[in-house]
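Chemist: Note that the protein sequences, when read in sequence, are chains A and B.
Quick note, the working numbering runs 54 ahead of the 1-based positions in the first sequence.
Quick note, the working numbering runs 875 ahead of the 1-based positions in the second sequence.
Take the hints with a grain of salt, since some may be wrong.
[What the hints assert, rightly or not] Heads up, simulated EDC-like pairs for lysine to aspartate or glutamate below, C-alpha to C-alpha not over 20 angstroms straight-line: (1) A:379 x A:311; (2) B:955 x A:299; (3) B:991 x B:1042; (4) A:287 x A:153; (5) A:239 x B:1028; (6) B:961 x A:402; (7) B:958 x A:402; (8) A:256 x A:205; (9) A:59 x B:1032; (10) A:59 x B:943; (11) A:362 x A:409; (12) B:1027 x A:237; (13) B:958 x A:57; (14) B:955 x A:403; (15) A:287 x A:299; (16) A:59 x B:907; (17) A:239 x B:907; (18) A:239 x A:282; (19) A:59 x B:932; (20) B:961 x A:403; (21) A:59 x B:1028; (22) A:59 x B:981; (23) B:1027 x A:153.
What the hints contain is simulated information worked out from the structure, not anything from laboratory work.
No experiment lies behind these values; they were computed from the predicted model shown.
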Amino acid sequence: MGELKLMKGNEAIAEAAIREGVDAYFGYPITPQSEVLEYLMAEQPEKRTGMVVLQAESELAAINMVYGAAAVGKKVLTTSSSPGISLYQEGISYIAGAELPCVIANVVRGGPGLGTIQPSQADYFQTVKGGGHGDYKLFTLAPSSVQEMADFVSLGFEIAFKYRTPVMILSDGMIGQMMEKVELKEQKPRWTDEEIKKMHDKWATIGKTPDRERNIITSLNLDSAIQEKHNHKLQAKFRKMEAEEVRYELFNTDDAEYLMVAYGSSARIAQKSIALARAKGIKVGLLRPITLFPFPEKPLADLTPQLKGILSVELSAGQMIEDVKLAVQCKVRVEHYGRFGGMIHSPEEVLTAFEQTFIGK
Amino acid sequence: MTEEIIIAGFGGQGVLSMGKILAYSGIMQNQEVSWMPSYGPEMRGGTANVTVIVSDERISSPILNFYDTAIILNQQSMDKFEKTVKPGGLLLYDPNGINRHPERQDIKIYKIEGAKLAAEMGNTKIFNMIVLGAFLKLKPIVKFENVIRGLKESIPERYHKLIPLNEAALKKGMDNPVELKPGKN
């Protein structure tokens, strides 16, 4: 067993990044994720692993520093919260277009605009339906515990480099600010220049050698025919993710007549609601998407025949519900429940909403 | 065993650190724990509260409406959280600064003179450890030795010289909770 610590979700991301052998972190402070940068500054990882930690002058600078470091095959991380992530969007689109790996964490707060500093899940559309311009998909992991905040740093980089794509860790103020027990992995060494050359020489801009063509990192190609071909290549990657990278968790679904679908913090709350419902003899289960793109469409469709109704539970006005509806193709009634703007629904509120919607009391 | 606790008072009273030490104590005996603060722009002087759950099982929601125990350290928190104690649950409070005492008939109510005892011990900062001691006397969910281990984990090493003082404060708290009968507070 690794080292056990009591940590905030934000601190867990920071410590996991050091232990993952991340080369660089660029960011700009914003509540409720500032502990990531604070922890890294206090920990001084340049002394532990040589990792660079830099507070950029703005979010625009931070995401473009990520773009630059990713272009040379380095493991690079950035974190922010909703308004800051909005400022990242141009850069994320460029990084996706240029096919570069990086991990971005959004510790979501209530919006729109500057909104509040309290937890929210209202950035679902921005994350999985675009955000930036152009036909790209953002691989999205949704942690529901401090342990997953740490684990998804490693998993995020694994996927980012496997597909040469930006990966989003979509959490919120609740998972970022809460403390839980977390088991930390052993320190991985940072990649050496030789290792980067061996693994990424085909694309990284690490210096041309006589035996190959020049590597060019760009998202610009004015020849539409070539740009269409490039888009086909990107789409093939996204289809491969949909086929191979779906992750989810089932809870009490074997005999379930009703289902809640919830991710991240809402999944934790829904789990308690389900325990309360089960105590009253109501057979309800939970499907927790761990990847939001790719969305667990098939597992959801497979469960549909046994269900009388699905409640999509989110800290938003109803965003993920659209993907739930697409997955079940109108074969079962799907409704939404959620508080938003920084308010958090309690397990009892979720249960009451469920009963009023489906049981009729 | 699952114990769901709210600790509520003023910022600066050590509410969050009391919760952190309790959570670390749970980890020391291989339990699952969660610590969920109310976070906001206030640092000191505003109200602060933290939900701590210690359990033998995986913890679902870290945010709750109802609690097995409420540890209440100011009037605003009494107004807000007295009604959130589950029937049969525990309300532990410091009467210092409380002008409306708890009135529930269906829960156990104890007081601990934390502020007064801390002043008598000559260090008001150990107030939270006295209150924690009283709680652990009433609900020994974590072993005393694990609280000391939790303390060592949760405070920086440069303050470890203060552990004997904290230990004394915990013991002082354990000796002093006073049960209050309904209607006679």
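Chemist: Looking back at the hints listed earlier, which ones does the structure fail to meet?
Modeler: 2, 8, 10, 13, 18, 22, 23
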